[in-house]
Every structure is written in C-alpha cells, then in structure tokens.
Amino acid sequence: MDPLALDVAHLLAGGLVLVSFMLLYQDRMTGLVNNFALHALVVSLSVAWQAHIQHAPHLYITAAIALIVKAIVIPLALHRIILQLGIHRTIETVVGIGQTMLAGIGLVALSIMVMLPITARAGTLTQQDLAFALSVLLLGLLMMISRRNAVSQVIGFMSIENGLILAATGAKGMPLVVEISVAFSILIALIVIGVFLFRIRERFDTVDIHALHEYRGEQP
Amino acid sequence: MTEAGSFFVDAVLVIPALSAALLAVLPDDRLTARLNVLAALLTFLAATVLFFERPAPGHYLIVDDLNVVFIVLSTFVGFTTSVFSGSYIAHELETGRLTPVYLRFYHAMYQTLMFGMNLALLSNNVGLMWVAIELATLTTVLMVGIYRTPAALEAAWKYFLLGSVGIALALFGTILVYLAAHSVVGEGLDAMAWNVLVRRAPEFDPALLNLAFLFLLLGYGTKVGLVPLHAWLPDAHAEGPTPISAVLSGLLLNVALFAVLRFKSVMAANPGAFAPGPLMVSLGLLSVVFASFMLYRRHDIKRMFGYSSIEHMGIVTFAFGMGGPLANFAGLLHMTLHSLTKSAIFYCVGHIAQVKGTQHMPDIRGLTVSHPALGWGLVFGVAAIAGLPPMGLFMTEFLIVTTTFARHPLLAIVLGLALLVAFGALLLRLNGLAFGDPRGGRAPARASFVPVVAHFALVLVAGIWLPPALTAWFQHVAGLLR
Amino acid sequence: MALQGLLWCVGALLAISVAAIPVARRRWASPAVYGAALCSSIVGLGLALAALLGGGALLGALTLPVGLPWLGAHFRLDALAAFFLVVVNLGAAGASLYGLGYGTHEEAPGRVLPFFAAFLAGMNLVVLADDAFTFLFTWEFMSLTSWALVMAHHRRAGNAAAGYLYLIMASFGTLALLLVFGLLAGPAGGYAFEAIRAAPPAPGVAAAVLVLALIGAGSKAGLVPLHVWLPLAHPAAPSHVSALMSGVMTKVAVYGAVRIVFDLLGVPTWWAGALVALLGGVTAVMGVLHALMEHDLKRLLAYHTVENIGIIFIGLGLALAFGANGMRAAAALALTAALFHVFNHSVFKSLLFFGSGAVLTATGERDMERLGGLIHRMPLTAFTFLIGSAAISALPPFNGFVSEWLTFQAILVSPALPQWLLKFLVPAIGALLALSAALAAACFVKAFGVTFLGRPRSDAARDARETDRWSLATMFALAALCLVAGILPGYFIDALAPVAQALSGAHLPRQGELDWLTIVPVAQSRSSYNGLLLFLIIALAAGLGAEVIHRWASGALRRSAPWDCGFPDPSPATQYTAGSFSQPIRRVFGSVVFRAREEVSMPPPGDPRPAQMRVRMRDLLWDAFYAPVESLVAYVADRLNKVQFLSIRVYLSLVFGALVALLTVLAVWQ
Amino acid sequence: MAIALQLLVQIGQMALVLALAPLFAGYVRKVKAHLLRRQGPPLAQPYRELLRLLRKDVVLADSASWVFRVAPYLIFAATWVAVSLVPTFAAGLIFSYAADVIAIVALLGSARFMLALAGLDVGTSFGGIGSSREMLIASLAEPAMLMLVFTLSLLAGSTQLSSIAASMQASDVGLKFSIALALLGLIMVALAENARIPVDNPATHLELTMVHEAMILEYSGRHLALIEAAAFLKLLLYVSVIACVFFPWGIALSGQGPAAYFAGIGVYVLKLAAGGFVLAVFETAIAKMRVFRVPDFLGAALMLGFLATLLLFVTMAG
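Chains as they are written, first to last, in my numbering: chain A, 33 to 252; chain B, 3 to 484; chain C, 27 to 696; chain D, 20 to 337.
In case anyone wonders, no lab produced these hints; they're calculated from the structure.
Since no wrong hints were added, every one of them can be taken at face value.
Stretch by stretch, here's where chain B covers chain A in the computed footprint (C-beta under 8 Å, at least three residues):
#	segment
1	156 to 167
2	182 to 194
3	205 to 211
4	217 to 226
Small disclaimer: the values here were computed from a predicted structure and weren't measured.
Here a beta-carbon is modelled for each residue, glycine too, at the ideal position from N, C-alpha and C.
Sequences and hints are given; from them, build the entire structure.
Structure, rendered in structure tokens:
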C-alpha cells in the first residue's frame with residue numbers, strides 16, 4: 033500500500049481525535065452542534081477513504097449513512113430541539129474546560145499506550161485506526177460525564193459511535209459493518225427522539241435527591 | 003436429521019418475528035393476548051425439538067451444548083411469562099394503566115424481544131449476536147418506559163444510556179476479537195463464527211484477546227448488571243410492567259452473561275491470554291457483597307428482587323471466575339435455576355402488587371392469611387432464591403462455596419457471609435410480607451398460577467434429581483470453560 | 027435390610043406431609059396425620075432398635091440416584107446412626123401420640139400438619155445421610171421445616187422475630203458446615219463420607235474443621251454463645267413441636283458433631299477435648315442460670331435444653347481427651363455417658379414439654395407467675411411432671427442421675443491424663459457440672475413448685491381441667507421410661523456398647539450379667555451403682571415406716587387453715603413467686619453473670635402508691651457478640667444505600683472509571 | 020446362707036443408726052448446754068419428742084396436696100437408706116456396693132428436693148423462704164462436695180466409701196496435707212448440709228433467719244416426727260462419713276468375724292462421742308452468719324477442695 037494512502041488515512045483519523053478535542057473545548061451549544069457535524073464529516077471521509085484503499089465498496093454505504101444521518105440530519109434536528117425547547121446556549125460543565133482537556137490528553141496517551149503494543153502484529157493502518165478510535169471513544173465518554181447538558185451528552189455518545197465506526201472500518205474486511213452502523217443509527221435516532229419526546233430540557237440526570245426518592249418508591 | 007433441525011431453528015426465530023409484525027397491526031386486545039401466548043408456545047415447542055435434532059452449525063446460526071439448554075429455557079420462560087402477562091395485562095387494562103394502543107405496542111415489543119434473545123442465543127456470529135442483544139435492549143427500554151410515569155421515564159432513560167454505552171464498549175471488543183481472528187482465520191464471516199473462533203483460538207494474538215475481553219466484560223457486564231455497572235437494573239425492574247421485570251431478570255441478564263461465557267470459552271482456549279478468572283471473581287464478589295447490603299434499605303418489592311438478581315448474577319460470575327469443572331457446572335446450573343425461580347417470584351410479586359394496589363412493602367402484610375396461594379408462593383420463592391433445600395439453588399451454592407473454600411478460603415468466607423447477609427434481608431422482608439396480621443387489599447387474586455407452579459415444580463425437581471442429559475451437556479461446557 | 031425400611035418410613039412421612047396440604051382444614055386431618063406419623067415412627071423405632079441390638083446383622087449402606095448427579099445420595103446405617111434413629115423415632119412417636127390429643131386444640135392446622143411430618147422425615151434423613159451433600163441438604167431441610175413450624179403461630183407477638191433469628195442462626199451454622207465439608211472434601215469434591223474417611227485431613231486442617239464443626243453443630247444444638255435463638259424459637263412452636271425441637275433436633279445436632287469429629291476427622295488432639303469440655307461446662311452453667319431467671323415455663327425448659335447440651339458436650343470433650351491419649355476404656359466411658367445422656371434428655375425433656383403443653387391448653391398461660399395449685403386440678407399431669415423434674419434434676423433413682431453419674435466417673439479418671447492442663451481443667455469442669463446439677467434441682471423445685479403447688483394465682487389456673495387421654499398416655503409412658511432407664515441402666519449401657527466400640531475402639535464391660543444388675547463402669551472396687559436396689563430399699567423403707575406408724579402410732583388427720591407462723595394471709599399473692607424464689611440465686615450469681623440490678627421504689631409514708639421493685643438484667647453475650655453485628659450491618663447498609671440515589675451522570679462516570687482503571691492495569695501489566 | 024447372714028448384718032446396721040441418731044442429737048444438745056453452764060435436757064429427750072409427735076394427730080393445711088403428705092416418708096426413707104450405705108462399724112456390707120459416695124450425696128439431694136417442694140406446697144411465704152434458701156445452700160455445697168470426693172478418689176482410687184475406708188486403713192496412704200484440707204472442707208460442707216451454725220440455727224424460730232425450720236413450719240404430728248428423724252439421721256450420716264474416711268481405725272473389714280463387728284460398734288460409738296463433742300464446741304464458739312455470707316463460706320470449702328486436689332497432684336508427682 034503506498035505511503036500516501038497511509039498518510040491520508042492517518043491524517044483523517046488524527047483529525048477525528050482533534051475534532052473530539054474541539055468538542056471538549058466547546059462551551060456554546062450551537063458551536064458544539066456544528067462541531068459535531070464536522071466530526072461526522074471527518075468520519076465519513078475517513079470511512080470513504082478506507083473503502084477506497086481497502087477496495088471495499090460496501091463501506092461507502094457506511095460513509096454515506098454517516099454523512100447523511102450524522103453530519104446533516106441530526107445536527108439540524110438538534111438545532112431545532114435547541115430552539116423549540118429553549119435550551120440554554122451555554123453548556124454547564126462539571127469541571128473546568130482546562131481540566132477536561134488535560135484529562136483528555138491523558139486518555140489519548142493511555143489509549144496509545146494500550147493499543148500500540150497490542151496491535152503490533154495487525155498492520156500499521158489498523159494500528160493507527162484502533163489507537164485513534166479508542167481515544168475518540170474515551171474522549172466521548174469523558175464528554176458525557178463532564179457535561180451536565182442533555183444535548184451535549186447525546187453528542188458525546190454520538191462521537192463515541194463515530195469512533196467505533198472508525199475502528200470497524202479499520203478492521204480490515206470485517207463483515208456486517210454496514211448492518212452495525214445501521215443499528216447504531218437507529219439507536220442514536222431513538223436517543224434524539226427521546227430527548228425531544230420527553231422534553232428533557234437541561235439535564236436527564238436529576239440532581240434533586242428528593243425527586244429521586246419520590247421517583248423510586250423508596251420513601252420508608 | 004440436520005435439515006429438520008435447521009428448520010426448527012428457523013422456526014424459533016421466524017415465529018416471534020412474524021407474530022411481532024402481526025401483533026403490531028391487530029386491534030383487539032383479548033385476541034392479541036391469546037395470540038401472544040400461542041406464538042410463545044409454538045416457539046417453545048419448536049425449541050424443545052432442538053434437544054433431539056441439532057443442525058450443523060451455519061455461518062449465522064448454531065446449536066451446541068452451551069446454548070441448547072438456554073434457548074429452550076428462554077423460550078419456556080417466554081411462554082410462561084406470556085401466560086402470566088395475559089392475566090396481568092387484563093388487570094392493567096381494567097385499572098386503565100394501559101390503553102389498548104399501548105397494549106398492541108406491548109405485545110409487538112414482547113415478541114420482538116423474544117426474537118432478539120433467541121437470535122442472540124442461536125447466533126454463530128459475534129457481530130450478529132451484538133446486533134441481537136442491542137435489539138433486545140432497545141425493546142426492553144421501550145417497555146420499561148411504557149407506563150410513562152416520571153419514575154418509569156427516568157428508569158427507561160437510565161437504562162437506555164447506560165445500556166447504550168455498554169453496547170458501544172461491547173462493539174469495540176467485538177471488533178478487537180475480529181482483528182485477533184482475521185489474521186489467523188482470514189477475512190470474512192469465518193473470523194466471527196463461534197465454532198471457528200473456539201477451534202482456532204490457540205493461535206490468536208493473546209494481547210488482542212485480553213483487551214477485547216476487557217471491553218466485552220465491561221460492555222456485556224453492563225447488561226448483566228455487575229457492580230459498578232448495575233445502576234440501571236433495579237429501577238428498570240421496579241418501574242416497568244412486571245412481565246418485563248420477569249423477562250429481564252429471567253432471560254436478558256442470562257443472555258448477556260451467555261455472551262460473556264462465549265468469549266470466556268475463547269479466552270480459555272488460548273494459552274497465552276490472561277486468565278479472566280480474577281477479573282470475574284472480583285466483579286462477581288463485589289456485586290454479591292454490594293447487592294446483599296443494598297437489600298436492607300429497600301421498600302419497593304420489585305426493586306428489592308432486582309437487587310437480588312444482581313446478587314445472583316454476581317454469584318454466577320464468581321463461579322465462572324473460579325473455574326474448574328465443579329464451579330463452572332454450578333454456575334451454569336445456577337443461571338438456569340435462577341431464571342426459573344426469579345421469574346416465578348416476579349409472577350407472584352406482580353399479582354401481589356395488583357391485589358394490594360402497591361409495591362411499597364411496609365403496606366403489605368400477612369399475605370399467607372389474606373392470599374394463601376400468593377403468600378406461600380412468595381415464601382417458597384424466597385426460600386428457593388436463598389438457596390434452601392429442597393430447592394435446586396442449594397446444590398449450586400453448595401458446590402460453589404465448598405469448592406471455593408478448598409482453594410481460596412478467604413473468598414469463600416466472604417461469599418458465604420455475603421449470602422448470609424442477603425438472606426437476612428430477604429427473610430426480614432418476607433416476615434413482614436407473608437406473616438402477621440393482614441394489611442392492604444383483600445380482593446381475591448384473579449391469576450393463573452400455572453406458570454408459578456410449573457417453575458417451582460421444575461426448581462424443586464432440579465434440587466432433587468437432575469436429568470443425565472442436562473448434566474452431560476453442562477459438564478461438557480464446564481470442561482470447555484476451564 | 028433395615029435401611030430400606032427406614033427410607034420407606036421417610037418416604038411415607040414425606041407423602042403424608044404432601045397429602046396433608048390440601049386436607050389440612052378438615053376435622054379428621056389432624057388425627058389422620060398424627061396417627062400415620064405415629065405408625066411410621068413406631069416402625070422406624072422398631073427397625074432402628076433391631077439394627078442397634080442386632081449386632082451388625084442389619085447394618086448396611088445404599089445409594090439412591092438423586093442429589094448430586096455424579097455422586098448420588100449415599101445412605102448408611104451404622105451403630106451410631108441406629109442409636110440416634112432410636113432417639114429420633116422415639117421422640118417422634120411420643121410427639122405424634124401426644125399430637126393426637128393436643129392437635130385438636132390447634133387453631134391453624136394448615137400451618138402445622140404438613141411441616142410436622144416433613145420435619146420428622148428431615149431428622150431421620152440427616153442421621154442416615156452418608157455424603158456431605160445429602161447431609162447438608164437434609165440438615166437445612168430440617169431447619170426449614172422446623173422454621174415453618176415456629177412460624178405456625180406467626181400472629182402471636184415475638185414469634186416472627188424468633189423465627190427470623192432462628193433461621194438466620196441455622197443458616198449460619200449450615201454455612202460453617204459447608205466450609206467444614208469444603209475442607210474435608212477438597213477442591214476435587216470427594217463428598218462421599220468413605221472418601222473423606224479414606225483421606226483424613228492434615229493436623230492444621232483438622233483443627234480448622236473441628237472449630238467450624240463446633241460452630242456449625244453448636245449453633246443448632248445451642249452451645250453457648252450460639253444459643254440465643256433457642257429459648258426464643260423452641261417455645262414459639264406448638265408444644266409437641268417444642269418437645270421435638272428441644273428433645274430431638276438438638277440431638278441430631280449432637281449427632282452431626284459426633285459424626286464429624288469422631289468419625290470423619292480421624293484421631294483427635296487433646297486440646298480439642300479440652301476446648302469441647304470447657305465449652306460444655308460453660309454452656310451447662312449458663313443455661314441453667316438463664317433458666318433460673320426465667321418465669322415463662324416453656325422458655326425455662328428451653329434454657330434447660332441448653333444446660334443438658336452442655337452436659338453432653340462435657341462427655342464428648344472428655345471422650346476426645348481420653349481418645350487423644352489412647353485411653354480407650356476411659357474414652358468409651360465418657361462417650362457412653364454422653365450418648366446415654368442424649369437418650370435420657372430426649373425422654374424427659376419431651377415429657378416436660380408435653381406437661382407444659384398440657385398446662386398451656388388447660389390455662390392458656392405460660393407465665394408461671396399466673397399459675398399455681400394445678401396439682402389439685404390436674405393431678406396426673408402434675409405427677410408425670412414431677413417425675414420429669416426429678417429426672418432432669420439428676421436425682422436417683424431416675425435416668426438423669428445415671429448418665430450424670432457416669433460423666434462424673436469419667437471425670438474421676440482424668441488424673442491419669444498426661445497433660446497438666448487437662449489434669450487441672452477437668453476437675454474444674456466437674457465442679458461446673460456439679461453446680462449445674464444442683465442449680466437444675468433448684469430450678470425445677472421452682473418450676474414444679476410454683477406451677478403445680480401452692481395456691482392458684484389466676485382464675486385461669488383455678489379453673490384448669492385435666493388434659494386429654496392421649497396426652498396423658500404419652501406422658502405416663504415417658505415417665506415410666508425415665509424410671510426404667512434409671513433402675514435398669516445396665517441394659518441401656520450394653521445397647522450403647524457397639525456405638526462406643528465403633529467410635530472409641532473400646533466399650534464398657536458388659537453390665538447385663540452382673541449380679542443384682544449393678545453397673546460397674548470401671549471396676550467393682552472403684553465405683554458401682556445399683557438403681558434397682560436403691561429403689562427397692564427406699565420403697566421398702568418408706569412402706570415399712572408408713573405401715574409401722576399407721577399401725578402403732580396415730581393415723582388421724584385434721585384439715586385446717588395453714589398456720590404460717592400465726593399470721594396467714596388468704597390472698598394467693600402472699601405466697602412465694604418464681605421471682606422471689608430465685609432471688610437469692612439471682613443475688614449470688616446473677617449480679618455477676620447478668621449484671622442484675624434491683625431498683626426498689628418505696629413511696630413515703632401516707633402515699634397510697636404501691637411500692638415497686640424492678641429487676642434489670644442484661645444478656646452480656648448478646649451485647650458482646652450479636653449487637654455489634656447488628657449495628658455493623660445497619661451501618662454498612664445505610665452507607666451503601668446512598669448509591670441508590672446518584673445521578674445518571676455519576677453512574678456513567680462509574681462505568682468510565684472502571685474502564686479507565688482496567689485499561690491502566692492492562693497497560694501496566696503488559 | 021451367707022447372703023442371709025450379710026443381710027442380717029446390714030439390717031442390724033440400719034437399726035443401729037436409726038437407734039443412735041436421736042441419741043447423738045440429744046448428746047450434742049447436752050454438751051452445748053453444759054458448755055453454756057446450763058443443765059440441758061436429758062439425753063433421751065429426742066426420743067420423747069419423736070414419740071410425742073408420733074402420737075399426735077396431723078393438722079394438715081387446706082391447700083396441701085398429696086406431695087405434702089408423701090414427702091415425709093420419702094425423705095425419711097431416702098435418708099435412712101443413705102446412712103445404711105455408709106460404713107459405720109463395718110465396711111463392705113452387702114448394700115454398700117449399691118451406691119458410691121456420689122450416689123449417697125444424690126440420695127440426700129432427692130430428700131432435699133422433696134422437702135423443698137413440701138415447703139412450697141401449702142403456699143405460704145415462710146415455706147418459700149425456706150425452700151429457696153435451702154436450694155441456694157445446696158447448690159453451693161454440692162460442687163464443694165464433689166471436689167472433696169475428687170480428692171478422696173485421687174487418694175484411694177475409688178469413690179466407694181468401703182474401699183476408701185479400707186485403703187485409708189492401709190498405712191501406705193500416709194499423712195498428707197491434702198487430707199487435712201479435705202477434712203476441713205468436708206466439715207464445712209457437713210455444717211451447711213445439716214443446717215448447723217454458722218449456716219443455720221437448728222434451735223431458732225426467728226422467721227427471717229431460719230432455713231430448714233421454715234420449710235417444715237406447716238408440718239405436725241407423725242409427718243414432723245419423720246422429718247425430724249430424717250434430720251437426725253442426716254447429721255449422723257455426715258459424722259459417720261467423716262469418721263470412716265479420716266479416722267477409719269477399728270472399722271471391721273469384710274471377711275472378719277462377729278468379734279470384729281462388736282469391736283467396731285464400740286469404736287464407732289466412741290468416734291461419735293468425740294465428733295459430737297467437737298461439733299458442740301464449734302457451734303458454741305462461733306455465731307451464725309447472714310444468709311448471703313453463706314456463699315463465701317461454701318466457696319471457701321470449694322477452694323479447699325481444689326487446693327487439696329492440686330497439692331495432691333504435686334505430692335503424687337514428687
């Protein structure tokens with residue numbers, strides 16, 4: 033495989049990690065959604081590139097799904113939700129952005145530490161893809177737990193899923209990738225619908241202990 | 003006779019799928035309830051044939067010693083639960099907690115859930131199994147939220163999010179397994195087929211397997227409800243319709259644990275891979291200890307038994323972690339009997355909550371006086387779940403504790419004391435619920451006790467006599483699991 | 027073969043219990059069930075007796091294809107099992123016969139009849155079991171059924187709590203036994219007792235096994251400090267079940283201890299003997315002291331069960347100590363004493379519980395302070411209860427004395443032991459034994475005197491009626507047995523010879539042929555006892571005295587009011603009560619053992635308020651062992667309970683934390 | 020024929036103790052009176068009392084049951100049989116193998132059991148006092164007694180009084196300190212068991228101090244006579260036990276001829292005289308103690324027993 037192809041793949045995968053960091057960095061709602069659109073775009077691009085260099089046409093479908101669903105439809109839907117539910121434009125974070133970024137760096141380091149020795153035999157392409165995918169996954173989780181805001185948590189989850197798609201395509205010749213991505217899209221669609229249906233404005237983690245008592249039938 | 007077998011395998015999957023589609027469109031609720039039962043019954047019958055007719059493993063589906071028992075078990079519990087849900091739903095319609103529209107949705111989802119679980123059990127493909135388990139999860143999420151009370155919605159959300167994250171982790175693990183396999187087996191479906199994986203596992207890259215198993219254990223462990231990934235489980239059990247609680251405890255947890263077992267057998271076959279034992283032992287023990295203490299402060303009866311499910315999943319995980327022919331055998335048997343017992347307990351609990359009009363335990367007293375059948379059913383169930391003879395769980399706990407104590411005394415002592423603590427909590431509640439002067443509604447329960455009696459009879463018989471065939475399968479699997 | 031027959035009896039009992047479930051409410055159900063149980067117990071008793079006396083002809087073993095699939099359920103009938111089966115089935119027969127009458131008063135037969143039969147079956151099976159799984163299975167089954175019987179009158183205050191404590195303690199004991207067999211069977215799971223006998227454990231393991239076995243069996247037998255449940259649970263059950271639990275089930279627990287320690291564990295160590303005997307001595311004294319402080323008739327009897335278990339364990343401990351030093355004859359003596367006391371206690375404790383049941387049905391009262399004078403209304407019950415009291419107080423010529431006398435004889439051999447600790451310890455234990463015997467006499471003077479003698483303290487006691495014929499028949503039969511075992515102990519000791527031979531490698535010299543049926547445990551010159559002769563001479567002397575006096579002196583008799591030093595008070599409140607009777611002993615012992623404190627509130631002159639005395643007592647053992655556990659569990663439960671109320675985000679971060687932690691471990695581990 | 024002869028001797032011994040018991044009590048009273056510079060009743064006074072009581076009617080309380088009426092005969096019989104088992108002038112009599120010293124103590128225990136029940140039977144307050152205190156004292160005395168028995172059996176290798184007497188007669192035992200301790204302890208136990216000063220005062224009728232007398236307050240006539248006779252016999256029994264264990268000289272051993280028997284009787288009477296004198300001196304010398312001091316008294320006896328045993332171990336080891 034020619035080095036250029038590798039470099040491109042490397043560029044795209046790395047770019048994904050970078051965008052994940054941008055997601056972590058964002059503290060405005062609209063900016064976050066746009067950022068996520070970018071995230072999805074990068075994923076679809078890298079998947080498409082994988083399809084090209086692996087000569088696996090079915091991956092194009094995955095790329096298309098990623099592009100349409102996550103780069104276009106969902107961001108639009110999220111924008112509408114934000115407008116309709118009148119969600120705050122600022123994102124409420126648990127710890128400061130700075131600490132979050134630091135933690136993110138640590139996570140990336142960790143994932144590389146874990147991945148590189150393990151996937152040594154699996155070819156450089158897979159190696160990079162998996163390392164980056166794991167970082168994206170961890171960053172997404174970090175985002176989910178460091179943001180109090182429902183929409184940003186949903187976005188965090190979707191970025192996890194992008195990372196997984198990256199990994200799946202990185203695994204050379206893996207069957208059922210398409211089906212899996214479809215299944216995932218359904219999952220995400222449901223989440224978004226849920227946010228919309230249940231009118232979850234700010235947060236779906238109720239911090240009010242008394243409310244939880246009442247919810248959980250645990251009054252003595 | 004394999005083609006006959008494959009026909010029945012397809013039947014086990016097709017019947018629920020078709021009936022799901024059918025039930026989604028049929029309007030009349032009386033009919034749908036019966037249809038639901040009928041479909042479940044047919045599925046069960048088709049599954050029982052698999053005891054005798056096994057198809058050759060295909061690319062997507064397989065029947066082997068490990069899953070043949072669980073597929074029959076899950077279809078059986080699915081059938082009995084559908085019978086129970088018939089009488090349960092009728093009451094819900096009268097009280098107006100469910101509208102016919104939601105009922106249609108409920109039945110469709112029920113069959114979809116069955117389809118998902120059967121697929122997960124029968125699948126010979128890691129990816130397919132992943133998809134199936136996700137499907138099952140989604141359907142249960144929707145059913146947990148079906149009452150649309152704030153509590154139900156919150157429970158559904160919690161379940162949904164934690165479940166989704168778990169699913170994501172599991173997928174990553176699956177991908178890693180494929181990676182480990184495809185460098186040996188070559189690309190394509192073979193690299194994801196169980197029988198191939200287990201056969202070729204010794205040649206896999208152990209490092210990849212280790213990482214993969216870590217993700218798989220955490221991912222599917224979330225579904226199993228292992229501490230600290232358990233948070234969704236008690237609320238999902240408490241807030242959903244009781245038939246769903248029964249299916250969750252009885253089947254879905256088993257299916258998730260079954261997935262973990264599949265991967266453990268792969269790990270076990272690879273000499274280079276680290277032994278997953280310590281990891282599973284610590285997670286299992288943590289779950290047992292945590293759940294047994296959590297039982298004490300519970301006031302909601304269904305949530306309490308949800309925690310008891312966590313405890314028992316912990317026991318099973320612990321047993322498989324300990325490994326060895328006896329402990330593995332005990333673990334498999336414990337999975338089987340626990341799903342039978344716990345689902346039967348939930349049948350009783352469902353009717354109790356209906357006749358008493360509450361799930362709040364302090365408001366329920368003296369059941370053996372006001373509703374003898376329900377009360378004594380509950381007593382029997384709690385005795386069985388606590389591992390008292392002559393019920394079957396005694397055998398498994400006997401094997402687990404004795405074999406563990408001979409190898410790691412400290413672990414066994416901790417486990418035993420935790421079991422004792424849990425028993426203390428259950429018995430405390432049982433004293434309040436079943437005995438003393440009756441309190442709460444006295445209306446007679448219009449319930450069909452067939453499911454309860456059937457389950458308890460099986461549990462009782464298993465405690466005294468196990469069929470040799472079952473023993474043989476389990477022992478073979480126990481050997482595979484190391 | 028006898029074993030099959032016994033298993034058939036068990037099967038019959040199980041069938042009875044299943045059949046009793048649907049019909050329990052019918053009027054004829056109770057006599058039918060008890061009659062059937064009586065028949066099967068009598069058959070079982072006959073078979074067990076035949077096996078015990080048949081000299082090994084009827085012993086045997088078999089395996090049923092149930093239980094653990096690859097193991098099967100092993101059953102074996104050896105001398106030890108045969109003896110305990112005699113005890114079990116004798117008690118069962120008594121309880122069933124008594125139940126024929128007593129059961130008609132039962133308000134909730136549906137909660138008693140099925141479990142009664144199952145309970146009997148369970149006790150038989152425990153004794154027959156010959157592999158670890160079957161043993162524990164039936165052991166716990168016995169606990170479960172007896173728990174159900176304790177919960178039979180669940181609406182009465184305190185019974186639910188008693189049942190709770192009982193089942194928890196029982197499960198705790200079962201857990202200990204689980205660990206015992208885990209050690210004995212090893213990781214390969216050689217659960218059959220033959221396999222365990224074939225591979226005796228290493229000394230260190232054996233020590234652990236011994237301690238765990240003491241915990242396991244002791245928690246069921248009521249060994250201090252594991253006795254707390256017993257005085258609550260035994261009285262809560264219907265009286266004939268109380269008799270079974272106190273008289274028989276505790277013996278099954280003793281059987282468990284004997285089976286594990288003497289049979290499976292191989293050669294004992296001398297310190298094990300010291301430990302067991304010391305535990306026994308402490309248990310005996312603590313039990314009888316508790317009983318003396320007790321005013322509830324049935325609880326008093328339950329505490330005496332604790333005392334007698336202590337006496338039995340003294341004998342067992344001595345047997346271990348002697349056996350460890352190869353003194354076979356002495357070991358056989360101690361063991362025979364213990365086993366004989368097992369039999370005796372099962373007889374007179376059942377008798378006493380039946381008596382208390384008769385009192386309960388006649389007056390509805392268990393509190394002695396509200397009884398009294400019953401001897402006038404229920405003379406026959408009183409007579410049998412008196413015999414039972416004399417027997418349990420170890421008074422000649424009844425059976426209780428013989429077994430305690432044998433225990434004393436064993437204690438008197440102890441100076442021959444080489445270990446100095448034992449030389450000094452055993453006499454002290456002997457003093458404890460003597461103390462408990464004397465205190466038991468005091469306690470039963472109180473029990474019988476306050477309940478049956480004096481003047482009635484309540485209307486219920488005044489209007490009592492004699493109990494039914496079945497109950498009386500049972501009580502008289504057992505009373506007769508107390509006397510026979512007391513005056514003809516030689517035959518009983520000979521019957522125990524094979525058991526002692528099997529467990530200690532020796533047995534007492536045959537007593538049956540000795541002239542005038544004297545029993546001579548060691549040697550004529552050393553010590554001997556002849557209950558028959560004593561009985562006859564005393565009867566003769568008493569008769570002679572009565573004859574002479576009535577012949578040549580006055581036989582006249584006048585009735586009048588009691589003199590009472592010139593100022594008699596008609597109100598029965600002025601007679602001595604149970605509390606006042608035990609007051610001196612409470613002052614002497616209770617102030618130390620129970621921290622007993624008396625508070626007297628004497629109103630000033632002219633104040634019409636009555637003077638009051640309140641006695642406060644604390645159970646130090648409970649404070650030391652059980653209260654801490656209780657509070658610890660509560661504390662941990664409260665702390666952990668906070669986890670139920672976290673937010674989804676925090677739960678997610680738990681998952682995240684777990685993932686990152688494991689990844690880090692992996693990264694470091696590679 | 021031989022058996023008949025042995026039986027005859029045994030019966031003779033029973034008759035002898037029955038005849039001597041009241042005399043011994045009267046003798047003790049007489050000596051005490053002399054020590055107090057009083058004339059005192061004649062020696063035969065106890066016989067007169069018994070006869071008078073036997074001739075009187077019995078006045079029975081309404082609330083008394085059959086236990087109350089049967090008890091005196093059983094108490095009398097049990098005590099009498101117990102005495103007849105003790106070697107007085109001859110060891111190894113035919114009955115003596117029916118019970119060793121433990122059994123003898125237990126026989127007295129049965130008698131006490133019946134007496135305490137009789138005290139409770141009528142349902143008066145004083146009877147209760149007596150019974151409960153009697154049982155307290157007994158429960159403290161029995162462990163002490165057992166320790167002493169332990170010491171003796173360690174010395175003589177037997178708990179059979181006849182064997183003990185025989186082996187004490189044999190000179191090889193020698194004089195050991197433990198024997199003195201045991202003697203002292205046994206005396207203390209005997210005082211307690213027989214309701215003598217300092218534990219109880221047989222002469223008192225001051226309600227709050229009496230123990231034994233309180234139990235028999237309601238008795239009268241022949242019943243009272245039997246109980247009194249039993250008390251006399253019990254006192255004689257303890258003196259005889261002390262005599263035959265610690266001063267075994269002159270006791271006719273089995274197999275010796277009639278001459279030895281008569282010699283033994285003579286020696287026995289002398290021993291009784293000496294013992295009675297010591298008892299009287301002791302009782303006049305000290306005062307009665309409070310009921311709740313009794314535990315300390317008997318505890319001391321128990322300690323003596325322990326000490327005797329331990330020292331004996333030492334001397335035997337040496």
